[in-house]
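Trainee: One-letter residues, chain by chain:
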Amino acid sequence: MNKSSPVLELKGVGRSFGGLIAVNSVDLEVAAGSITSIIGPNGAGKTTLFNVISGLYAPTRGEIMLNGVVLATPDHKTEREALVWAAVAVTGSVLGAVAGLAIDAPAGLAGVGAIVSSGGILLAAVARPSWYTRLCSRLGIRRSARPNDVVFLGVARTFQNIRLFKEMSALENVMVGTHARTEVGLFDALLNTRRFRQTESASETQALTLLEAVGLQKQANVAAKNLAYGDQRKLEVARALASQPKLLLLDEPAAGMNPAETEQMIELIKSIRDKFGVTVVLIEHDMRVVMGISEKIAVLDHGEKIAEGTPLEIRSNPRVIEAYLGRGAATGA
Amino acid sequence: MVSPLAWAKRNSVLLWVAAVAIAFFLAVPPVQFVNALTLGAIYALIALGYTMVYGIVELINFAHGDVFMLGTFVSLSILIDVMGVTGPITNPLQLAVVLIFILAVTMGLMGAVGFLIEKLAYRPLRNAPKLAPLITAIGVSFILQNIVQLWKGPYKTNFPQFFPMDAALMFGSVRIGLINVLVIAVALILMIALQLFITRSKTGRAMRATALDPTAAALMGVNIDATISRTFVIGAAIAGAGSVMFGLYLGITDFSIGFLAGLKAFTAAVVGGIGNTLGAALGAFTIGFTEVGATVAGFSRWKDAIVFILLVAFLTFRPNGILGSDSSDRA
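Listed in order, the protein sequences are those of chains A and B. Following the working numbering from start to finish, the first sequence increments by one per residue and tops out at 337. Following the working numbering from start to finish, the second sequence increments by one per residue and tops out at 651.
So that you can see chain B by itself, here it is in the shape it has in the complex:
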């Protein structure tokens, strides 16, 4: 017979999700609930890369937020300069083709950027003290920001909103924008695919083995360099999908968005338990709820501060995060 307490402990994740979701569902209007989910979905797409890279090489990749920022510019350039898309597309078939194409291309290009960053900046420092790659990551972040400033200038740039923003689904009197549904669906599909990939595939198994014990993994025939490289590629590609979703949802970008987005995603990763992909997704939705909750409560100017207070609170009271293991070396 399982005691209720033991059950609660084992399913603490489920309880956490249910508690947060129900609390917000009751506290905020349905539209804001959907907004919180959408925001959380975008943060989740960035946070996954953070947490995967941390899990495998214990590096907080501060350049990851800027890879996301670069992704918004790359996708908007391809949309405008290559495909000539500037306004809404009403034909559903055409819309789907454009959407899938831009997602695939952005994810591919960002994957390549992630590959190059790992190869050129982090791999030479693989055996260096932990601080060296961390500082390199900050350097890479500056490099990416400056490349974008040189390329597009330091201005706010409009993202072509080819997705019809006024399309919506009606649930009784509740109106849910199709764009929200799209963002949440893309994030969920990628998260589920990633989770399956990590738990079921050979490469995913190699990633987990490398994260647990790189030396033993190498001696069992796992090519560690290739595995780490693939982790960066996958993380950056998912951030690329996040870029497209961010651009479509908010319609504007500039060279500095990577900093704040990166910090929020980092917070999400810590809140969820850094190194844990499921945790990163949970943390991201927690942050989405926190921000929207702050806005609804009338503290919209303070929403970033509240998110970082959450970060400090977690680091102080539960450094292993929602899903973190008890072992202290992962915190």
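The shape of chain A in the complex, shown without the other chains:
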């Protein structure tokens, strides 16, 4: 891939909740293979931005591109979709009635037409085949990608408050992460087909490799809730990597860790970037982490990006100091 083309591109992305503007028009480019930090005071909109990128919320303005493909966009004229369904159902029943007139049984056939056509369009709306999405986009209907689509397109994340599947083993947690990359259906599992068995064992091998990469191979069968705090954070990283992401979003990976654990996490993030070739974007409060590994830092405050640059530039930027410490500190008064 061309090193200069951005993996992730945010163009004027904003998200408001009612009257509250959590993120307001953020522009950001993340270069392939880089490590970028997003910092800012509490409530600056960092996690909201992550939630928008990972598809949990649709943005209310702007656009997010992943490798040049639109990932997130404000929901646009989605109410038209219901009109499409109604139109198809009405057309179906009219066609049924017309066909019925020809053979002297209009009422029944109209019903059959209505049921068949509305059932068909309902199925299409559920399964969303490509022709259906194309039809929607031609009618000006746009939907933001949903979380599972975002994962499929190559974005994975971890959480500020650890959100492992507590009752499952470490291995199973990572295997859930492989979900987006395996192709087995319900019937494969029910009939225990060869494809099902092969995929399952492949997922397991992959999950074990990832556990080894984060140093948890010995705890593979321990329930996630029984792991040490630092190990839980590492497990979250392994689980995120299981979906083979191009872009990894880490939400405060070193929160609550002691200095030794933080050091390990820094090494882990670097080694992951090198070993798996992923681009990393992280939110972090711990300046040792931020200054230690970032190639670029973006600073958010009150939902706006107030600065962007290398660690050195950020450290001496007066607006950043002001945001963190207040006005007096910036002017030196």
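These are computed hints drawn from the structure, not numbers from a lab. Computed from a predicted structure; not experimentally measured. Zero decoy hints are in this set.
Within a straight-line C-alpha distance of at most 25 angstroms, the following computed BS3-like cross-link-like pairs (lysine-lysine) qualify:
| # | chain 1 | residue 1 | chain 2 | residue 2 |
| --- | --- | --- | --- | --- |
| 1 | A | 81 | B | 439 |
| 2 | A | 250 | A | 15 |
| 3 | B | 450 | A | 170 |
| 4 | A | 274 | A | 250 |
| 5 | B | 623 | B | 476 |
| 6 | A | 222 | A | 170 |
Once you have looked at the hints, place chain B on chain A.
Mentor: Positioned in the frame of chain A, the structure of chain B alone reads:
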């Protein structure tokens, strides 16, 4: 060295099963013991759907009992109107073919019904307050009952008993009906298959992940809508198998059986620890034993009341059920 108390705690399930089973085996005649197992097996087939749906969306799906009721009518119509089966079939090969066919078709159709109910009634309310889907579930239950009344009338309807009811296995002097063996075997096979499916397969893992944390599951690439939909389909399909077994065993059905069967299955799910599939099966057998025990003791008119007293007792003293976890949010 493991202390006996710790061992007992870890294996409380095993001890529970052993205690109940041995107590009943000693207390009631063997025939009644088998009847209790059969009844428990039918309740288990219904309770599994209840508990799976609760586990994943925390909805007590009151329409589930009526899906079971609809299943009895769908299977009897297919048997009578499509296949022309009305009386006992003596040829074993033919019997097996009819049995497998009717099970597969009923399970498939009920799965489709479960899919539609979830799609049309519950999905639009996914993010609504918990009470809204609960009331919708009661509404769906009424709709299903009324559909069946319109279709078949409000009468008791005979289920074609194509399975030879007088066939039996003899163990010494103890006579066990082949029908009992069939019902218990079908239930056990489905329960084991379900348990393997949930613990070993990708979809099962996605279901457990969604039950534990839907948001995190979605952000790990699990399609939550599809997973929830599949849960409803599987639950309803297993209830469909329960319908066929119920019809064959009791030979009669009407539009209102879903209510009581649903409540009993719900009780089974609560007794076992709602949200837990293994628990639902244990709870169902507990209820089967309770009912038959009440009958043997001469309280057959009171058997339903005794079952619901059991429900109240569990809700009061052990709301997490036999296998329930300690976390209070699951109760």
